[in-house]
Amino acid sequence: MPETILALLPLALVSAWIPAPRTRGAVFAVVLIAAAVLVAAEAVPVIGSGATVEIELGSLAILGPLRIVLDPIRVFFMLVAAGVFAAGVPFVAQEARRYAPRRAAVLLTLVALLFAALLAAFASGDVVSFVFTWEIAALLIWSLVSFNHRSEHAVAAGYLTLALSEFGTIAGMAGLFLLIAGSGETSLAALGSSAAEMPQGLAVAGFLLTFYGFGMKAGVAPLNSWLPPAYSAAPRSIAPLLSGATSNLGIFAVIVIDGPLACQFPELGLLMLATGAVTALVGIVYAMLESDLKRLLAQSSVENLGITVAALGAGFTFIAFDKPLPGGIALVAGLYQMLNHSTYKTLLFLGAGAVEEATGTHELNRLGGLARRLPVLSVLFLVGVMAIAALPPFNGFVSEWLTLESMLRAVEVEPVGARIVFALSAAALALTAGLALTCFIMAFSSTFLGLPLSKAAVQPRPVSRSALVPMGVLAVACLALGVLATGVIPVLAGLVQPYTGVDVAPALVPAFFQAGAAQGDSAGLIHELTPIGAQVGKGIVPLRGLVVLHPGGTETPVVFAMSTALTFVVLAGLLATTWLIFRARGRLNVTRGDPWGGGLHRLRPEMGYTANAFASPVRVLFDALLRPVVTEHTEQQGAFTTAIRRRPSMVHVIDRLTLQPAVAVMRAVSSLLARMHRGPVTDYAAYILVAFVVVLLLGRFAL
Amino acid sequence: MTLKDFISRIAGPEVRVLQSEAGIRLESTPAAVPALAARLVEEKGCEFATLVVEHQGDDFELHYFFHGGEGNATHVVQLTTRVAVGDQVPAISDRVHAADWDEREAEDLFEIHFAGHPFLGDFVLHDTEWREGVAPLRHDFDPRQQRPNGGRGGTWVPRRVLDEPGSLVFPVGPVWGGDSEAGLWLLETPGEEIRQAHTRLFYKHRGVEKIAEGQYPESALLLAERFSGNSAFGHGLAFCQALESISGTAVPPRALLVRTALAELERLRYHAAVIAEIAGSTALAVAKAWGQELEEELLRLSGEVCGHRYLFGVVAPGGLARDLDAGGLARLRSVTAAVTERLDRFEHLLERSSSFLDRLEEMGTITPELARSYGVVGPVGRASGSSMDLRTRLPYAAYPDFTPRPALETEGDGYARLRVYFHEAREAAILVAALLDNLPEGPVRAACEPLAGAGLGWVEAPAGSAFHWLRVDEKGVIRRWRAGTPGFRNWHAFHRAVEGAAFQDFPIILASFGLSVAENDR
Amino acid sequence: MADWVLKGLARGIRTTGWPARVEETPGVTPGRPGAVSRDDSPADVGVCPTHALEQSARGIAVDFGRCVHCQRCRGEGGVPWQDDFEWADWSTQSRGPLPASFRRSINVRYLDAGSCGGCMGEARLIDAPSYNLHRFGIFLTATPRDADVLLVAGPVTEAMRTPLRLTYEAMPEPRRVVVMGVCAINGGVFGQSYACVGGVDAVIPVDILVPGCPPPPLAIIHGLLLAAGRAEAASLERAP
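Chains as they are written, first to last, in the working numbering: chain A, 1 to 703; chain B, 1001 to 1522; chain C, 2001 to 2240.
The shape of chain A in the complex, shown without the other chains:
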């Protein structure tokens, strides 16, 4: 089977160059989806069996052997990437028809190469192949972001992406070299297993460089200012792939490289936790201020990935404090969050792309009222919104809930400093969750509800099925991943077992819920938990819907419990009952009229509530963080004021604190160095002399 995959990818590359547009798109999509399906088919048994495959591909001089490793967690990442690509490729094929044949072919080629690069990166087992595939993926991302090269905005976004990506890669590489120096080997597995014996200084330095360097792909602050411009400048069908698949590269690096280090040193785990929490909070605050739908979704990606990183950090910290059970729960929560993010973010970005296709704009202040005109799209987008806002019974709820519940387990940790960090991070994440709900209410309402605020929104073009069908599949997946949480958690628990050392699945989804009849002491426990869904689907569905924390044994109590399955059943029942009641009542007296507008002849578009207006309380609250600078210009005619122009401009707080000072320092240094470019020839002779002397001295004293 792997050979088939390896054969399909070049086939996809070739099919990108078919001249006829419709055939090209169709064949490409079919081939790539087939490849994705095969990847998934290969992945599932590996995850199920837990087996690891290691292949050595040969050896390079100095750089050491090249390895491919396929263990459950890597294969899981490949599965997620395959799913995202399978969902996103039809829309890519549809969009490729807009371009001239050569450019369309280039686009499809890049997409296929990106898929291959991601799979290769996830499979790489040693530092060299990892960095190599990472760089290739980074370059492909850059070329995709700046694909619309005629747009200044896209080119600028591309450069920012490339610059930060390279900076991150260099830092990450430096960190990897430090870790290699500490462990003596170049395989990633060896780096991980030698984390215990590494000197602390090397480990910390290596962690910092690799976490912040490679983590920039996952939107870890402070190198995440490339995400919003990149996702909004990328072609509308590429953004789903970028947010759903490539961001997981960063998470992968964090888990595989930094995870073992953080499992040894709790301070590193706490740093990861705090960074994730801060990233999430800052991300969602800036998301609320966006009036561009794609930038809003990008900032929200920063937030979701921040939550993932925070959960992973919490997990590694627990493990470092020798508490494998809460650690495992937190790691499961982190992976679950990553999986959910890939699902609903791809869905939302596909939706945003569809909106752009239908109206030509993704400015929230120019949209509105699309629910009546594009009903299917709005329902599917609403499912994505409910999932990302963590509403039960969808998948976002499960991962957010697990994350916050695992944070509460900090009571089991002794050092007070660690508890404080946990408490503050949990508070930040809770605030983030609330703001995320508000933000997505704003995003959905501004786009689909209310009055259309521009002509484009009044008469949108129809949306193509290549967007709607994958969105439908992803929407069903969102619901399934939420309702069937009791099935997903054991799978993820198996993935994190190498890190925790124990299997946390029986603690979260105890066996006595699965068994046929209640036996012995656990009967009392089941009886107590029946009202909240312990027995939902008994005898009908193999998976039953209660997630608990039950440390084990029937004497120890249940610490928390949640059932999305029960929520789903109750909700569905309520809706069905209401519908039946209304059908049974027969003829309903329904009058339809215009919305009440205070007696005005007509509510005009400029009277509609805009996204900025909705977000202004947040703007006011966080004013100290945002520090907007307002330029105002007033026109007067005598005592009459005829016009007022106000333009607020904001520099992102992270840019203000990191990038701008760094750029200022670099500018200062380079202007200092620039003096070296001007001068008489004698100065240059002097430089050479000095350098020569220094080298001689070094040689004398070093050897």
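Just so you know, these hints were derived from the structure itself, not from any lab.
There's no promise every hint is true.
[Said to hold, decoys possible] Ranges between beta-carbon positions, derived for each pair:
#1 B:Leu1120 - C:Leu2006: 55 to 65 Å
#2 A:Ala664 - B:Glu1193: 29 to 39 Å
#3 C:Phe2139 - A:Gln660: 50 to 60 Å
#4 B:Glu1132 - A:Ala26: 52 to 62 Å
#5 A:Arg602 - B:Glu1132: 12 to 22 Å
Beta carbons are placed, not taken as given, at the ideal position from N, Cα and C, and that holds for glycine.
Using the hints provided, position chains B and C relative to the given structure of chain A.
Chains B and C in isolation, oriented as in the chain A frame:
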């Protein structure tokens, strides 16, 4: 330099000056009007009162009224100019900003174009109901015709001044609130803060000035009382004073004092109602109930003593329609005194309610500069450092002998206005007691024979200065009636008070202005 | 800090006892002229500027739909006045009171279609402590969607013609329209003109008429109780 000297100084070759006891009249060419008006207001500190436009034959006559001077040498200045129908008149409102709405109203109702005014159109006659070109106040327009253009206008697009990303125009009205008057306030805001507001009134325009044309003064008096029912006595009094000035009637002394007492009674009741509304707008329910109780007591007093709760049908040309009997006068004294005592305790309690004061302090501020520039009148003006009160500036009725002590605050915020309302209510009660103590015997009505001519009557209505100008022809029938109301003047400045306020403060600032939309719309 | 609660409780109950008890406090109503038979009064009906008095063989009849309380027919040589206030009557096209389920509680949307400060003031006082609308289960709402009764004052200016119609159309069934004030009945002193429609019934169907200029708060409440089916109608005309 007195006002008269100043005017003789500034009158150039195009200006003719006629001075009499009635006041100072200037006649000028249209081109010289803006400079003259600006000099009167800026250099001599005169106040712009109102603009009266008459359509005579093929010409428009525009009368700009000012008043100014100091101490005993205060006069009304009438600046008249004549322009042919279809010609332009230069606007004065870029420098005399208080004339802004007068010019917009004249443009809508007469179709005179004021050159240099940036915001003409859609003022009295809304674009959605009226086509351009309908000029109801011209003499060839029949007021009783219904829907002259079939009731179909065009589209109305709200004027936008603010250009900020994500800003919207939030409409309040015309049907809003639980018991609010009909009007439209457009709040330009980016979300939380009101940056600019536009007041779009004249949803209640009933065209009283036009309907009165061709009526005898006795029936037009009904209109003068009822176009703004809660200042009915004040407007009726100004209307009668205008008639009396045309016919040269001397009102008997008893009638002068009783008129003054009833005007102060109306002021007391109006202010009690405004204070109740302010308390209600801040959701201080018990205080609102107290204020309404006081208002109800004063209304019942008015009904008992004069036969109507709002004093309709009391004032008449030449004096009063009916005298008050001794029992009524005694009731007037005692109830006014009791109400005042309760008002004092009420004010004391409100001043100790810090949560209530928080909503009013530094809220809805009209600075003294703004008040001067917009010519704000009444309690709102006196809360913003403008001490102008027609009872002391141009004393009428019994005020030359019974002078009220003026209220003066400079902060210009809602709390300053509240203090002014309480002060004036107290002063009103003191005046009523003083007047009733010194009431002479005698008739309460002199004969007011109709003569041809024109005259101006003015009062300090509860909301501010009101000017009524009448032209009567030889048959004794009204040819032109102009009602310049304090609401018309102060609503113009209202939008400046809400700039920078949050949405929740809008109803409170509205209540603290204590204005009537019906008075503005006529 | 002022203790409003205690002060308010100390003030006690200030509400009128009407309709359980008779309300005869002077000033509660402006009163209006009553019909007189020929023998009783030599009054001259020409003194009425709005033609509310009509001379006939039997005496003087009064049309309350035209009386604006100008008081010119009051006093000596005039018509005797009565101090009542239960003035509301059904219109000719009324649909009767609201269904029985609304008897104990109705929601009212007050609409200002050009009213002067008189009707505005009286309408604002119907919930004052002296009259207290809430004890009847009658409440004012801000949205017509929740309203059962539309209470209109003012002669309906041209600018308010469309807002009035839209407000009425936004109300769900069952709904009733109560017009207060002579202006809302037939245009009052403003009548029909270029600016005034001259009566609410030219725009929307009207159920209950409350004459007066302005009708005192108890008359307005009487009209609302009529809509709820809890009061008896008076007549808009009185013959000698």
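Hint by hint, here is what the structure shows:
For leucine 1120 of chain B and leucine 2006 of chain C, the Cβ-Cβ distance of about 56 Å falls inside the hinted range of 55 to 65 Å, so the restraint holds. For the pair alanine 664 of chain A and glutamate 1193 of chain B, the supplied restraint of 29 to 39 Å holds, since their beta-carbon distance comes to about 34 Å. At roughly 58 Å, the beta-carbon separation of phenylalanine 2139 of chain C and glutamine 660 of chain A lies within the given 50 to 60 Å, and the hint holds. Distance hint for glutamate 1132 of chain B and alanine 26 of chain A: a CB-CB separation of about 60 Å, consistent with the stated range 52 to 62 Å.
Between arginine 602 of chain A and glutamate 1132 of chain B the beta carbons are some 20 Å apart, a value that agrees with the proposed interval 12 to 22 Å.
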